[in-house]
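Undergrad: Given next are the chains, with one letter for each unit.
There are 2 protein chains.
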Amino acid sequence: MTGDRPIDFWFDFASGYAYFAALEIEDLGRRVGRPVRWRPYTLGTAFKATGARGLSSTPLKRDYARTDWHRIARLRGVPFALPDHHPSVALAATRVFYLIDTQDPEAAKRFARALFDAYFTRGIDSGNLEHVLAVAAVLGLDTDALAADAVAPDIKQKVKLISEQAVALGVFGSPFFLVDGEPFWGWDRMAMMEKWIGRGGW
Amino acid sequence: MTGDRPIDFWFDFASGYAYFAALEIEDLGRRVGRPVRWRPYTLGTAFKATGARGLSSTPLKRDYARTDWHRIARLRGVPFALPDHHPSVALAATRVFYLIDTQDPEAAKRFARALFDAYFTRGIDSGNLEHVLAVAAVLGLDTDALAADAVAPDIKQKVKLISEQAVALGVFGSPFFLVDGEPFWGWDRMAMMEKWIGRGGW
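Which chain is which? The protein sequence lines are B and F, in order. If you use the numbering used here, the first sequence corresponds to residues 24 to 225, in order. If you use the numbering used here, the second sequence corresponds to residues 24 to 225, in order.
Simulated from the structure, these hints should not be mistaken for laboratory data. Please note that the accuracy of each hint is not assured.
Copies of the same chain are indistinguishable here, so a pair counts whether it falls within one copy or spans any two.
[Unchecked claim] Each computed SDA-like pair below joins lysine to any residue, with the alpha-carbon atoms no more than 20 Å apart:
1) K181 x A157
2) K218 x R136
3) K181 x D86
4) K179 x T144
5) K71 x P82
6) K183 x A88
7) K132 x L156
8) K218 x V182
9) K218 x A168
10) K71 x T81
11) K183 x G209
12) K132 x L169
13) K71 x D167
14) K71 x H93
15) K179 x F103
16) K218 x R94
17) K218 x A96
18) K71 x D177
19) K179 x R212
20) K132 x R89
21) K218 x T90
22) K181 x M215
23) K71 x R94
24) K183 x E49
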């Protein structure tokens, strides 16, 4: 009966580690027989709670993360190029994601993967609504409707509430996974999470 | 010719993740044919550079880390109990370590493992010199000499310089590994480091 319970995949669209997680999480979900719910949020909301700063604003960690992202990309054989404007505040991408998600969660996942790819391989700005809509357009989505809805108060409030909900659930990083109430923080904990689900915990 | 080049294992004696790393690093070194240099330092020195705070002083991360440490202990089948006084500022332990290390690095490793065990399973205070010397006494070390030397200016200065050296090398966490100039941060990256050494990088 656990097969229906999702893995919640919390992330920020400007997170390098989330880019790698996004490339792997659906395969992991299939292997363990769990659906994956993609839950982008604004990591800045968590930083207010933890007092932390983003990796790219933190001396030493910043340089380590850049080395590490390129190392992971080579290990996995996937492209990776950090945009000059990294880290974007990816509010526009997050709002458009939830507009699509309300209609069609699978389309929202396709959009999220395309957005990550566009940001981390071609350097689009996920904080720029026009750039974000261009990604949606390639997927055949109705960008006129998205353009109007993305600046409406409703979606702004929704993204704010979802980000506050993340923090209330104990989410403070990106990627961050919750499955059956169990938290796993970081791309490098996905293997442990898979083992946890497979064994039913330990 | 790479067999002589060590894995530098940087850690703070009050770090939960370092406790788990200390239980595994020598086996890893043997598997890849590399000696391990144990390099305790004061993580607070790195925090001054990064602006970060300790896990146990950070909302949300604090609770996550406690859940995670117990989860790792159950996974590995090792004891773990967080002392009430966690996190200790482990200066006394670090100073005594380097006093022993100067004479006998292998004895210093035995001391470090015994210290971790005493702190994370029996709740001794690694910031209290008497507690630290009691651990050294069980190993048959000359605690009278250590007691005198541990409060001398020389060792205080040495530990300060080593901690500053760590930060100069880009070390900012615990555990943190450097091997052939390549940095690996965290207990959960030891498997990646082992793969890296085995392949000669990628």
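Undergrad: Please go over all the hints and tell whether each is borne out by the structure.
TA: Hints versus structure:
1. K181 x A157: neither (23 Å within a copy, 57 Å between copies)
2. K218 x R136: neither (25 Å within a copy, 28 Å between copies)
3. K181 x D86: neither (34 Å within a copy, 27 Å between copies)
4. K179 x T144: neither (27 Å within a copy, 48 Å between copies)
5. K71 x P82: Result: close both inside a copy and across copies, 19 Å intra and 10 Å inter.
6. K183 x A88: neither (27 Å within a copy, 26 Å between copies)
7. K132 x L156: Answer is within: at 15 Å inside a copy they meet the 20 Å cutoff, but 57 Å across does not.
8. K218 x V182: This pair counts as neither: shortest intra-copy Cα distance 32 Å, inter-copy 40 Å.
9. K218 x A168: neither (42 Å within a copy, 49 Å between copies)
10. K71 x T81: Both: 15 Å inside a chain and 11 Å across chains, each within 20 Å.
11. K183 x G209: Close neither inside one copy (23 Å) nor across copies (32 Å); limit 20 Å.
12. K132 x L169: within (16 Å within a copy, 61 Å between copies)
13. K71 x D167: Result: close neither inside a copy nor across copies, 34 Å intra and 49 Å inter.
14. K71 x H93: neither (28 Å within a copy, 27 Å between copies)
15. K179 x F103: neither (30 Å within a copy, 44 Å between copies)
16. K218 x R94: For K218 and R94, only the inter-copy Cα distance (12 Å) is at most 20 Å; the intra-copy one is 24 Å.
17. K218 x A96: Result: close only across copies, 15 Å inter versus 23 Å intra.
18. K71 x D177: neither (23 Å within a copy, 42 Å between copies)
19. K179 x R212: neither (31 Å within a copy, 37 Å between copies)
20. K132 x R89: neither (26 Å within a copy, 32 Å between copies)
21. K218 x T90: Between copies only: 16 Å across chains, 28 Å inside a chain, cut-off 20 Å.
22. K181 x M215: neither (32 Å within a copy, 39 Å between copies)
23. K71 x R94: neither (30 Å within a copy, 27 Å between copies)
24. K183 x E49: Cα proximity of K183 and E49: none, with 26 Å in one copy and 47 Å across.
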